[in-house]
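Starting from the given sequences, assemble the full structure and let the hints guide the process.
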Amino acid sequence: MTDATVKFSPVLRRLHWLMAALIVVVYLAMEQRDLFPRGSTGRTAMVQSHFWLGLTVFALALWRVTQRRRSGAPPILPPLPRWQVGIGKFMHLLLYAFFFVMPVLGLATVWTDGKVLYLPFTDIVVPALLAPNEALAHTLEDLHTTIADVFYYVIGFHVAAALYHHFVRRDNTLRRMA
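Residue numbers for the sequence shown follow my numbering, beginning at 13 and rising by one.
Note that these hints are calculated values from the structure, not bench results.
The C-beta atom is built at its ideal place from N, Cα and C for all residues, glycine as well.
Treat the hints with care, as some may be off.
Here are the computed lysine to any residue pairs in the SDA-like style, where the Cα-Cα straight-line distance is at most 20 Å [unchecked claim]:
{"#": "1", "residue 1": "K127", "residue 2": "R182"}
{"#": "2", "residue 1": "K19", "residue 2": "L142"}
{"#": "3", "residue 1": "K101", "residue 2": "L142"}
{"#": "4", "residue 1": "K19", "residue 2": "R182"}
{"#": "5", "residue 1": "K19", "residue 2": "W75"}
{"#": "6", "residue 1": "K127", "residue 2": "M42"}
{"#": "7", "residue 1": "K101", "residue 2": "P87"}
{"#": "8", "residue 1": "K19", "residue 2": "D183"}
{"#": "9", "residue 1": "K101", "residue 2": "M189"}
{"#": "10", "residue 1": "K127", "residue 2": "L141"}
{"#": "11", "residue 1": "K127", "residue 2": "E146"}
{"#": "12", "residue 1": "K101", "residue 2": "F111"}
{"#": "13", "residue 1": "K101", "residue 2": "M42"}
{"#": "14", "residue 1": "K19", "residue 2": "K127"}
{"#": "15", "residue 1": "K127", "residue 2": "V137"}
{"#": "16", "residue 1": "K19", "residue 2": "S83"}
{"#": "17", "residue 1": "K127", "residue 2": "L142"}
{"#": "18", "residue 1": "K101", "residue 2": "L186"}
{"#": "19", "residue 1": "K101", "residue 2": "P91"}
{"#": "20", "residue 1": "K19", "residue 2": "T68"}
{"#": "21", "residue 1": "K19", "residue 2": "R81"}
{"#": "22", "residue 1": "K101", "residue 2": "E146"}
{"#": "23", "residue 1": "K19", "residue 2": "Y176"}
{"#": "24", "residue 1": "K101", "residue 2": "F20"}
{"#": "25", "residue 1": "K19", "residue 2": "H170"}
{"#": "26", "residue 1": "K19", "residue 2": "M31"}
{"#": "27", "residue 1": "K19", "residue 2": "V137"}
{"#": "28", "residue 1": "K19", "residue 2": "E146"}
Distance ranges between label pairs, derived from CB positions [as the list claims (entries may be wrong)]:
{"#": "29", "residue 1": "V137", "residue 2": "V97", "range": "38 to 48 Å"}
{"#": "30", "residue 1": "K127", "residue 2": "P90", "range": "33 to 43 Å"}
{"#": "31", "residue 1": "V77", "residue 2": "H150", "range": "25 to 35 Å"}
Printed below as a string of structure tokens:
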């Protein structure tokens with residue numbers, strides 16, 4: 013097999029690493045917002061960055077799914093045992109669910125909480141598609157936060173699995189995405 017047949021397409025590789033970097037920044041923007049006092053320009057910038065980068069992840073995930081369906085996945089060599097294939101598929105399903113569900117939950121939380129989402133670098137407000145509902149906003153925010161906390165572990169497992177495949181199993185799992 014040639015190098016091209018044992019690697020993901022260049023577009024998928026770039027999308028993978030771009031999305032990984034964006035997800036780190038999305039988490040950092042929310043985790044570090046407390047560096048700024050409530051109502052400050054810095055805090056608003058952190059929160060707005062969190063929103064827009066999260067929505068960017070959503071858009072890139074749509075593109076990534078389209079590209080993946082178009083070009084498929086190269087084989088892992090040597091082939092995996094069936095149980096590892098099953099776990100891998102389940103973990104990737106969780107990751108993709110995260111890419112789609114979290115931005116939607118975040119946006120729904122913003123709108124139901126009556127908060128404003130500005131177009132980046134403007135004072136133009138994105139119209140809310142949901143009516144303010146404080147109880148629903150708290151429920152959505154709790155769910156968004158819980159999923160975000162759980163995904164620290166899912167992302168950690170994904171990274172650990174890639175390292176396991178590379179250094180212990182010595183297959184081409186990680187090299188397919190390099």
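Going down the list of hints, with the structure as the test:
1. K127 with R182: 49 Å, violated
2. K19 with L142: This hinted pair is violated, its Cα atoms lying about 43 Å apart.
3. K101 with L142: 34 Å, violated
4. K19 with R182: 15 Å, holds
5. K19 with W75: 18 Å, holds
6. K127 with M42: 16 Å, holds
7. K101 with P87: 13 Å, holds
8. K19 with D183: With a Cα-Cα distance of about 12 Å, the restraint between K19 and D183 holds, given a limit of 20 Å.
9. K101 with M189: 16 Å, holds
10. K127 with L141: 12 Å, holds
11. K127 with E146: Holds, at about 11 Å.
12. K101 with F111: 15 Å, holds
13. K101 with M42: Violated, at about 29 Å.
14. K19 with K127: 43 Å, violated
15. K127 with V137: At roughly 10 Å apart (the allowed maximum being 20 Å), V137 and K127 satisfy the hint.
16. K19 with S83: 11 Å, holds
17. K127 with L142: Since the Cα atoms of K127 and L142 sit roughly 11 Å apart, the hinted pair holds (cutoff 20 Å).
18. K101 with L186: 15 Å, holds
19. K101 with P91: 14 Å, holds
20. K19 with T68: Violated - the C-alpha atoms of T68 and K19 are around 25 Å apart, more than 20 Å.
21. K19 with R81: 15 Å, holds
22. K101 with E146: 37 Å, violated
23. K19 with Y176: Within the cut-off at roughly 18 Å; holds.
24. K101 with F20: 16 Å, holds
25. K19 with H170: Given that 20 Å is the threshold and the Cα spacing comes to 18 Å, the pair holds.
26. K19 with M31: 18 Å, holds
27. K19 with V137: Roughly 42 Å separates the two Cα atoms, so the pair is violated.
28. K19 with E146: Violated, because 48 Å separates the two Cα atoms, which is more than 20 Å.
29. V137 with V97: 38 to 48 Å: Between V137 and V97, where Cβ atoms are some 47 Å apart, the hint holds.
30. K127 with P90: 33 to 43 Å: 51 Å, violated
31. V77 with H150: 25 to 35 Å: With a Cβ separation near 31 Å, V77 and H150 satisfy 25 to 35 Å, so the hint holds.
Taken one by one, the earlier hints fail for this structure at numbers 1, 2, 3, 13, 14, 20, 22, 27, 28, 30, listed in ascending order.
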